[in-house]
Structures are given as C-alpha cells and as structure tokens.
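There are 2 protein chains.
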Amino acid sequence: MADLTITEVSKKYDIKPDTLRYYERIGLIPKVPRQSNGNRYYNEGLQGWIEMIVCLRHSDVPVEKLVDYAEMLRQGDSTLDAREELLKEQLAELEQRKSNLNRSIKRLKHKISLYDSGEIKKGKSYFEEYKIMDD
Amino acid sequence: MADLTITEVSKKYDIKPDTLRYYERIGLIPKVPRQSNGNRYYNEGLQGWIEMIVCLRHSDVPVEKLVDYAEMLRQGDSTLDAREELLKEQLAELEQRKSNLNRSIKRLKHKISLYDSGEIKKGKSYFEEYKIMDD
DNA sequence: TCTTGACCTTGAGTTAACTCCAAGTAGTAC
DNA sequence: GTACTACTTGGAGTTAACTCAAGGTCAAGA
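Heads up: the sequence lines are chains A and B, in that order.
Residues in the first sequence are numbered from 1 upward in steps of one, following the UniProt record's numbering.
Residues in the second sequence are numbered from 1 upward in steps of one, following the UniProt record's numbering.
Do not take every clue at face value.
Where chains are identical, the list cannot tell them apart; a pair therefore holds if satisfied intra-copy or between any two copies.
[Unchecked claim] No more than 25 Å apart at the CA atoms, straight line, and that leaves these computed lysine-lysine pairs for DSS-like:
1) Lys111 with Lys31
2) Lys31 with Lys106
3) Lys31 with Lys65
4) Lys88 with Lys111
5) Lys98 with Lys109
6) Lys12 with Lys98
Everything labelled a hint here was simulated from the structure, so no lab data went into it.
Since this is a predicted model, take the numbers as computed values, not measurements.
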C-alpha cells in the first residue's frame, strides 16, 4: 500500500483534512511524517490506524477514549491490561447502544405500520397516539 | 395511570427536570398543564409521548427531527404523509447506524481476542497492529 | 515572472443538546 | 412568623467534536 497525502486519505476514508489535523493535534493520531516541504504523508500503518478510528467514530466511541487508548499504546507493554480493559468497556457500551437501537427500530416500525394501516388517521387527538407500547 | 409532577416524571424516565422544561421550551413537548400554583403536571398522554422521545433520544434521533414531528402533529391531518416520511427517514438512519455498530463490535471483539490470545504482546511496533482487518 | 493550487499553522467559531444559576413564589411544618 | 422544600422563570454556561478563517510556504505550469 502506498503513502498518501492528506487529501488522498481524506477521500479514502471520507473525513476532512481539518479533522485529520485535529486528530493529530489532540494525540489521536501520532506524529505524521513529513515530506521535505513539510507536507504530511500517511503510510500503511497510519492508514490502518485511521481506518480503525473512523470505524469506531461512526459508532460514536468518544474521541477521548480513543485518545486514551492511543496514549497507552505509546507507553508500551505496561499498559496492556488497561488497554484490553478499555476495549472491553467500549464493547459493552456498544452492545448497550445496540439494544437501545433495536428498541427504537421496533418502535418506529410499529408506528409506521399504524400510518400504513390508516389507523393513525381515525381522528385521534394529537398526542393520544402515544400510548406506551407493550414492549 | 396517574398524573405526575416534574420530579416524578424525571425519575420515571431518568431524565432531568431541566431537560423536560427545555423540551417544552423548544416545542418537543406540548404546553404542559399546570396546577393552581403554577406547577406542571404530566398526564397519561404526555407521559406516553415523553416515553417515546426518551426512547428515540437514546438512539440519538436528533431533537430537531422530533420537534419537526411534534410540530406536524400539531398541524393535524394535512401532515400525515410528511410525518410518515419523517419516520421512515429516521428508521433508515437507525438501520444504517446499526450496521455501523455491528461493524465496530466485530472489530472490538477481534481486537480483544488478540489481547486474550497474547498475540498483541509479541513486540509489535505501536501502530503496526492496526493492519486493516479483512471484513 | 507570475499565478495557481495544495499544503501548512494558529487560533477562533460553530453546533447540538443539554445543564446550571439566581432570584422568586407557593405550600407545609414547627 | 419563619424555615424548609419543591417548584417556577429567564438567561447564561458547558461540553464534545469538529470546522473554518487568515495568512504563509512551496513547487509546477503558462
């Protein structure tokens, strides 16, 4: 895999150059190597790291947690346990999120079915339709 | 179901009184009826509506979208189609979110398994471990 | 040589969604 | 009557995560 400029990485992962620089500033991405003119180039390892970050950010894993993880990586083997712990916490968080999501999806689908069946039309008062669903 | 005070609703749905007042201010909750002393009381219909909002907010459906929906509800039958449309859009959004989430969960699990198997320990350089996963 | 375009830096501005604060009132407990 | 508690209001402050603006450098092409 070839080195890429900031705009190329930006396009590859659909993330703004400003965001990439911001991530570097706060320590989420390590010091990116530069060309002689000062421009950044992203090698294979960096691209993999960025891919990971972008993936987790799409699921709203907090930037702060990712920074903590990156910081621990930098510190080396002494942080192995803490790193694993952090990953497990975030996993638990996402599983929770997934269950919330399923609940919301179920609710929306139910409500849409009421619209589709015409049940919502029947002259209900504006908020009456919001009886608690039995779930 | 009985009427509840703001603190009671707050406890029931685990949401701060300030947030409930804020939701009312921005039109996400309709004008809440008051007791003679000016205090709010939430009747059954309102509680159902709040339950719905809280559920969808747990999945990060934007407050703005919910306000739009509430506004359309207030406008009555002429907005039926637009309301259904909005619900369908949000549903699509949540399905997308769910697929992101599954991807992230898979990734975290994989990474945790590397820690558990001891593979991460083997003197890898700090970011080398972030090769792109084949998913 | 001049201009264009892609990059750079620092620092400020924006957005969403709360969250808090100060000051005031109503109702009850002693 | 006074303290205490639970509410009220309007408005200001906070947080996370970008996002943008202003001004500067540098290499390539007309």
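Q) For Lys12 vs Lys98, is the C-alpha pair at or below 25 Å within one copy, between two copies, both, or neither? A) between (27 Å within a copy, 22 Å between copies)
Q) Checking Lys111 and Lys31: alpha-carbon separation at most 25 Å within a copy, between copies, both or neither? A) between (49 Å within a copy, 23 Å between copies)
Q. At most 25 Å between C-alpha atoms: does Lys98 with Lys109 qualify within a copy, between copies, both, or neither?
A. both (16 Å within a copy, 15 Å between copies)
(Q) Reference check for the pair Lys88 and Lys111, CA-CA at most 25 Å: within, between, both, or neither? (A) Between. Shortest inter-copy distance 10 Å satisfies the 25 Å Cα cut-off; intra-copy 35 Å does not.
Q. What label fits Lys31 with Lys65 when the C-alpha limit is 25 Å: within, between, both, or neither?
A. within (18 Å within a copy, 40 Å between copies)
Q) How do Lys31 and Lys106 come out at 25 Å by Cα distance, when the copy is not named: within, between, both, or neither? A) neither (44 Å within a copy, 28 Å between copies)
Checked against the numbered hints given earlier, the structure breaks only hint 2 and satisfies all the rest.
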